[in-house]
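Chains as they are written, first to last, in our numbering: chain G, 1 to 137; chain B, 1 to 137; chain E, 1 to 137; chain L, 1 to 137.
Please keep in mind that the hints were generated in silico from the structure rather than gathered at the bench.
Be careful, since some hints might not be right.
Identical copies go unnamed one by one, so any copy, or any two together, can satisfy a pair.
[Said to hold, decoys possible] List time: in silico BS3-like cross-link candidates among lysine-lysine, alpha-carbon distance up to 30 Å:
#, residue 1, residue 2
1, K88, K50
2, K88, K63
3, K88, K124
4, K133, K19
5, K50, K19
6, K71, K50
7, K133, K71
8, K63, K91
9, K91, K50
10, K133, K88
Here's the letter readout for the chains.
Protein chains: 4
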Amino acid sequence: MKTFRYNVVVHWGDTDPAKIVFYPNYFIWFDESTRLFWDSVGLDWDSLAKRYGVAGLPIVEAKAKFLSPSKFRDEIVVESQITEWNDKTFKISHAVLNRGQRAVEGYEVRVWAVPRPDEPGRLKAMPIPAEVKAAFE
Amino acid sequence: MKTFRYNVVVHWGDTDPAKIVFYPNYFIWFDESTRLFWDSVGLDWDSLAKRYGVAGLPIVEAKAKFLSPSKFRDEIVVESQITEWNDKTFKISHAVLNRGQRAVEGYEVRVWAVPRPDEPGRLKAMPIPAEVKAAFE
Amino acid sequence: MKTFRYNVVVHWGDTDPAKIVFYPNYFIWFDESTRLFWDSVGLDWDSLAKRYGVAGLPIVEAKAKFLSPSKFRDEIVVESQITEWNDKTFKISHAVLNRGQRAVEGYEVRVWAVPRPDEPGRLKAMPIPAEVKAAFE
Amino acid sequence: MKTFRYNVVVHWGDTDPAKIVFYPNYFIWFDESTRLFWDSVGLDWDSLAKRYGVAGLPIVEAKAKFLSPSKFRDEIVVESQITEWNDKTFKISHAVLNRGQRAVEGYEVRVWAVPRPDEPGRLKAMPIPAEVKAAFE
């Protein structure tokens, strides 16, 4: 399976009075890394909408374990990999590395969904096409 | 002219390693206060869209002077007032008060605009209706 | 066990192009609710520092399941409760209610920690005092 | 005078239901560009503290004019330049370019300040050393 690496610089505004990253920012970086990973295999959000009628990849679940804090000016790497394909959802695991050490471990579960024709504003989960899964191998 | 008061509690994540509010947050609170002010006179974003075809009130200019810092757990008030009506734009002034002292002074200029029928995704400024201006008196 | 209720208004800037809350914001609201809950029982961050030498309550783990989206102008409630006391850590569970329906379910695990005298900038987990636990009953 | 260029990718979470950048984010990028610019000439926040006792460069004023919106996945450049040196403050101008067009123009005024020895938590503005100014030429 492909692994995507996303470089992040910790900015002043990402940190809190304890001088460490305010934890919700890690989920922002997870979200960014997921999107850039899909971009990198030619499956950007616009293409998903045009080719499959898929409206982004809505989040179902997100989790993180915080192993060690990162500080202002640290240069970290988010390593992302799809670790589980289900019929209509998938799990993407993210590890944040700081100076080669695992600082955060987490994942997101997202769903492959299209707008319901009968109910505007609501979505319906659909089976993930085989070619989409293949793009990450 | 009406004045709107918006109470804000400074949260941990709003502050930086200097233990004071990270300044872009003040603009977030300006934006929130503007929207809540318009809500409070019956001109919420949804009504604007339905009644006038107006797509939000896009920002043209924003400015702030930072007079004294606010800290974690401070309870501040954003006082907002429309201080200038132009033909197609208006200026909304915001003052942040902390323990009765002016901590930040600023403003936003926003435009009354509708989607261009000929160019999807683009907007066209329009004269602000007199009844809209009257709602703030 | 006490339950804390934290009212949140969904602002424009909290939402994304899908017109729903951008998910990391839920973790921001979890963090805010935790802090306000501790405030409400007389155990604010400043008191913790003065009485116990405790430097905030660092995050160890955070998780959320997203059951239904919330939109701009929704008024939601975060219901928080400490659902597990361990020797040096605790679990605080959060449920986000929107129009009475559970929209998000999650939790944070946080640690009771003091600065290490020998290593500046590093923390050491300590047993949570019984009176602290009692404050939430 | 030196010009600093800071590349920014517009992420999903940076944009709002109008599918354009939520404006306070531009001030976040101004702040980041300022800091990275100072880093790039060897005057990072840590060095300022060690060499001059200067505690960051607190914001005094910030302004932006929004000329055209940027969207999700746009790759923009923040061009920053110090355009005014005063005795104790300076003005740093920022232009955001999107596909070569000026999308945002703004500036920050920041102050050179040290902690007051007599009043903990308060700062005192000081003259900016000539060698600091020279580093940007």
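Each hint, compared with the structure:
Within a single copy, K88 and K50 get their C-alpha atoms as close as 19 Å, which meets the 30 Å cut-off; across copies the closest is 36 Å, which misses it. For a Cα distance limit of 30 Å, the shortest separation of K88 from K63 qualifies both inside one copy, at 19 Å, and across copies, at 21 Å. In this homomeric assembly, K88 and K124 come within 30 Å of each other (Cα to Cα) only inside a single copy, at 10 Å, whereas the closest approach across copies is 42 Å. With identical chains, the CA atoms of K133 and K19 are at most 30 Å apart between copies only, with a shortest distance of 28 Å across copies and 40 Å within one.
In this assembly of identical chains, K50 and K19 lie within 30 Å of each other by CA distance solely across copies; the values are 17 Å between and 43 Å within a copy. In this assembly of identical chains, the alpha carbons of K71 and K50 lie at most 30 Å apart only when taken from different copies (18 Å versus 40 Å within one copy). Taking the shortest alpha-carbon separations for K133 and K71, only the inter-copy value of 28 Å comes in at or below 30 Å, while the best intra-copy value is 36 Å. Taking the shortest alpha-carbon separations for K63 and K91, both the intra-copy value of 11 Å and the inter-copy value of 14 Å come in at or below 30 Å.
Only within a single protomer do K91 and K50 lie at most 30 Å apart by alpha-carbon distance; the minimum there is 23 Å, versus 40 Å between protomers. In this homomeric assembly, K133 and K88 come within 30 Å of each other (Cα to Cα) only inside a single copy, at 11 Å, whereas the closest approach across copies is 42 Å.
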